[in-house]
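Residue numbers (this note's numbering), protein chains in the order written: chain U, 15 to 346; chain A, 425 to 708; chain X, 22 to 346.
These are computed hints drawn from the structure, not numbers from a lab. Please note that a few of the clues may not be correct.
[Stated by the list, open to error] EDC-like mimics (lysine to aspartate or glutamate), calculated; alpha carbons at most 16 Å apart, straight line:
(1) K286(U) <-> E257(X)
(2) K224(U) <-> E54(U)
(3) K87(U) <-> D103(U)
(4) K282(X) <-> D245(U)
(5) K215(X) <-> E60(X)
(6) K262(U) <-> D240(X)
(7) K87(U) <-> D98(U)
(8) K286(U) <-> D240(X)
(9) K286(U) <-> D281(X)
(10) K87(U) <-> E54(U)
(11) K262(U) <-> E257(X)
(12) K262(U) <-> D281(X)
(13) K215(X) <-> E96(U)
(14) K107(U) <-> E96(U)
[Claimed, not checked] Derived DEER-like restraints, expressed as beta-carbon distance ranges:
(15) T205(U) <-> D281(X): 21 to 29 Å
(16) P303(U) <-> F35(X): 47 to 55 Å
(17) P80(U) <-> R429(A): 19 to 27 Å
(18) E27(X) <-> T154(U): 14 to 22 Å
(19) G16(U) <-> Y55(X): 57 to 65 Å
(20) E694(A) <-> R57(X): 52 to 60 Å
(21) V541(A) <-> T205(U): 45 to 53 Å
[What the hints assert, rightly or not] Derived coverage of chain A by chain X (criterion: at least 3 residues anywhere in the stretch with Cβ under 8 Å from a Cβ of chain X; other residues may be distant):
(22) 586-592
(23) 610-616
(24) 666-674
If you're wondering where the values come from, they're calculated on a predicted model, not measured in any experiment. From the three backbone atoms N, C-alpha and C, an ideal C-beta is built for every residue, glycine too.
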Amino acid sequence: MGETILRTEHLQAYYVLDVYGTQKVVRAVDDVGLDIRENEVYGIAGESGCGKTTLLKALVAAIEPPLRLMGGKVFYRVRGQEVDVSSLDAEAKRRLRWEFVSYVPQGSMSVLNPVIRVKESFADFIESHTEGKGKREAFTMAQEHLAELGLPANILNAYPHQLSGGMRQRVTIALATLLKPRLIIGDEPTTALDVVVQRGVVQLLKDVQKKLQNTIVVVTHDMGVQANIADRVGIMYAGKIVEEAPTKTIFSAPLHPYTRYLINSLPRFGDKTPREGVPGSPPSLIDPPRGCLFHPRCPHALDVCTRELPGYTQVNAGHRVACWLVGEGRNG
Amino acid sequence: MRVLRDIARDYRFALSFCVLCLLLALAITSFFSPYDPTFWGTVPRDLKPSWSHPLGTNSKGQDVFWQATFAVRNSLTIAVIAGLVSRVIAVLVGMIAGYRRGFVDTALMFLTDTFLVIPLFLIMVLLAMLVREKMNLVTLGLLLAAFGWAWDARVIRAQILSLRERDFTQTAVLSGTGTLRLVLEEYMPFATPLVFSTLINNMSWAIGMEMTLAILGLVNMDIPTLGTTLQWAISYQAMLLGYWWWLLTPVVLSVLLFVALYWLSVSVSEYLDPRTRIQRVGAQ
Amino acid sequence: MDKVLEVEGLTKVFTLGSVISRVRITATDHVSFYIRPAEIFALAGESGCGKTTTARMILGFEEPTSGIIRHNGQVAARHEKVWFTRGIQAVFQDPFGTFNPLRTVDRYFFATVQNYGLAKSRRDAIDLIDQKLRAVGLSYAEFAGKYPSEFSGGQLQRVSIARALMTNPSLLIADEPVSMVDASLRMSIVNLFKELKEQFGVSVLYITHDLATAYYVCDRIAIMFRGHIVEMGPVEQVLTEPKHPYTRLLRESIPEADPDKRWASAIRLSDLEREEYLGQGCRFAGRCPEVADLCRRQLPADVVVDGVLVKCHRYGELAGHQPPP
């Protein structure tokens, strides 16, 4: 782990919806502070509705109405300088994208243009982000890149629908890493894929990270994938990060009740003992409960949990939890 | 009603609704007309607007205001007949073809494509010339309906084709629902905005078509409609002679009607669009 | 032996392409298996292996190119769908797609009651619906008059299961029932299948690519690869001691929620799916770590080893076994 490459301070991003006169505010990301280092894989784990996709949008500075940045900042460390992303203009943001930070979305079909061959997608891409490369040069660049990643060159001539789902996802990763970005953000990169293909995609991401020595932020609710790829994991619940620790710690000694439930609810091989899921359902982000957002579902809720939001307790270096059961909450 | 309150927020709906209500009121007053619209010379000719003749009189000796009431009423009648009948045909054809697929689909689409490809205007002119004597509101409405369904049948069929692949179709089948009920209950909520907006568009088209045929003299010129009153004004050189009240009346009325219909269709179909509906659903 | 469902030699061939270039893809190739009463049977494999096509044929949504489907010993006739769906029901992958988003969910329940004549009055219908909802952990009061968007994914999937139970089916076909549900909520739904089997004697055809939940809830399992069943037997044996090289690959690829058990070796993935479908011999020959020349030329026959059916030359001809007559 090295210097900080991506940092957020009290990030707040809400959706403001106006549907025929009624205004609803969805507090999708509420006061999130992250400190992500160079040369690490950081996993964000959480379930549907916890705000992780919104968090990603904020991290890549792709905030558009009805999503609004209500507060906080996002900082990148570009070439040794800290840059406040929200203060950049559209052109500066465009230059950062793909060269500094790139994005691997969930559905690979939506990234590749279905009516042109893969090599043309690569060419489009290369032409819009570098100067003076002809079609021939762009093609060679694409071929070399694919060879580096261990992908066969013949896929360049194919149309996206001819490739298998796993191959499409890997081509998307190849596109995203073409310009050697320092920060790769993956939004559920393996979710729609089956186990064997998933393994191949995760393998590719790890190879890329090792080669480029850059940072990957992987957002997924699949704890098995987190266990395989992440160095550190942040557990997200209802718009906030409730626990953050190195992967080994999260799995062996989770402290927050939600994390515990999450880990215990996963079936393990060779073990047919009944496993329990998290009771209840996720809270509404429009009208969240007072105090700790998990308290309605928490079996150990104290009185203070229903009244006040817990701050972070630094359990030891690299491990913080937001829970009243773990010491007095201190902000920071 | 909550629905009206919601949709009335859209200024387009509010305005167009008011205008249409006014026009409808105008049409209804035609029943109280003191003059028979088909007679000439019931009042002195070419009088400017005054208290006794609010919109003046025309060169045929008819009160322009009362003529206008009949014009609006008749045009709307034609439009409604044309619109409704063509909707029914379009929905039936589109839904049956879309759900059944196979030979039925191919046959119905062949029919639809034929109607789409025929040069509409020429055929209508031809037919209008042939039946001109026996043309009345209803026959004109039906003639227009016969040519207005093809496009929308295809649109509805496309919608049904995509809905057919959705999981909830299978759920309905597994619940034992028969084909007809399935298509009507499951697919209609998705098709309704399409049907409604195409209805309004079709009505606009019907009115416009009628006016075109009237200018060409291919309809029964004795029946006052927006088209025929306009045509009489033109053929009597109203513009040159300065009888602006005679010419402007049908023009203003038809512009109002077209704009109101357009705004109505756009605002209602936005309201009914499944994507915004889903947002509103469950908000109560 | 009583069999709730028996499938023999089920084959489905899709022809793609235009008049100029036609490609025939065999989605399922002579698939045979049976399900006993009160048994949870898993059909597992990657996406594209033919498991969903098999389910659609059993439900009657797709016509098999050849093969026989027997339900409770009787062969289903082409047009007898209503009779058929009484005994077999289905739960789909996406709970939000299962119901029409523009209509309330209870309508499907009332429609089922009406179409199958399950109750005489509205009062009785509500009681019946409430009973089924309680079996899945919900109640009529919290469900009536609601639209699909007002439920959470997990709740809606339960509602979907309750709807499937309305006709007291002997077989429930669950197509990836938990893959779109959050990880922490999956177990409660998977547990539900277990309860239904134990309390009501319902058999379940559990289609999935997630072997972890399959291991947890199923009695027997069949592993499918590109339209063939490559291994079939009791779940304990198949998943803890996999025989077929593909089953072994699947088993190893399941990500364990334990950082100490990370994937050790690298694997090869297939590039263009079509090539694998059109192969002559064993479909797995392109990726198999134990491939022999015979594998590329000839499709392996089914061999029974230790009570488990395996379709692999390594247990068949190459091991000196004679295929069963």
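Hint-by-hint comparison with the structure:
For the hint pairing K286(U) with E257(X), the CA-to-CA distance comes to about 10 Å; that is within 16 Å, so the pair holds. Taking the CA atoms of K224(U) and E54(U), the gap is about 9 Å. The hint holds against a cut of 16 Å. In summary, the hint linking K87(U) to D103(U) is supported, as the alpha carbons are separated by about 15 Å, within the 16 Å threshold. With a C-alpha separation of about 14 Å, the suggested pairing of K282(X) with D245(U) holds against the 16 Å cut-off.
With a C-alpha separation of about 9 Å, the suggested pairing of K215(X) with E60(X) holds against the 16 Å cut-off. Of the pairs offered as hints, the one joining K262(U) and D240(X) is violated, with about 33 Å between alpha carbons and a cut-off of 16 Å exceeded. Under the criterion of a C-alpha separation no larger than 16 Å, the hint pairing K87(U) with D98(U) is consistent with the structure, at around 7 Å. Restraint check for K286(U) and D240(X): the C-alpha separation of about 12 Å stays at or below 16 Å, so the hint holds.
Of the supplied pair hints, the one linking K286(U) and D281(X) is violated, its CA atoms being roughly 21 Å apart against a limit of 16 Å. Of the supplied pair hints, the one linking K87(U) and E54(U) is violated, its CA atoms being roughly 22 Å apart against a limit of 16 Å. Between K262(U) and E257(X) the alpha-carbon distance is near 29 Å, which puts this suggested pair outside the 16 Å criterion. For the given pair, K262(U) sits about 8 Å from D281(X) by alpha-carbon distance, which is consistent with the 16 Å threshold.
About 55 Å separates the Cα atoms of K215(X) and E96(U), which puts this hinted pair outside 16 Å; it is violated. With a C-alpha separation of about 14 Å, the suggested pair K107(U) and E96(U) falls inside the 16 Å cut-off, and the hint holds. For the pair T205(U) and D281(X), the beta carbons lie near 24 Å from each other, so the given range of 21 to 29 Å is met. For P303(U) and F35(X), the Cβ-Cβ distance of about 51 Å falls inside the hinted range of 47 to 55 Å, so the restraint holds.
For P80(U) paired with R429(A), a C-beta distance near 23 Å keeps the hint of 19 to 27 Å intact. Range check, E27(X) to T154(U): Cβ separation about 58 Å, and the 14 to 22 Å hint is violated. In this structure the hint that G16(U) and Y55(X) lie 57 to 65 Å apart at CB holds, the actual value being about 59 Å. Separated by about 55 Å at the C-beta atoms, E694(A) and R57(X) satisfy the suggested range of 52 to 60 Å.
Between V541(A) and T205(U) the beta carbon distance is about 47 Å. The supplied range of 45 to 53 Å therefore holds. For the region 586-592 of chain A, the proposed coverage by chain X is satisfied: 3 residues have a C-beta within less than 8 Å of a C-beta in that chain, meeting the threshold of three. Look at the region 610-616 of chain A against chain X: 3 of its residues bring a Cβ nearer than 8 Å to a Cβ of that chain, three or more, so the hint holds. Check result for the region 666-674 of chain A against chain X: violated, 0 residues qualifying (beta carbon to beta carbon below 8 Å, three or more required).
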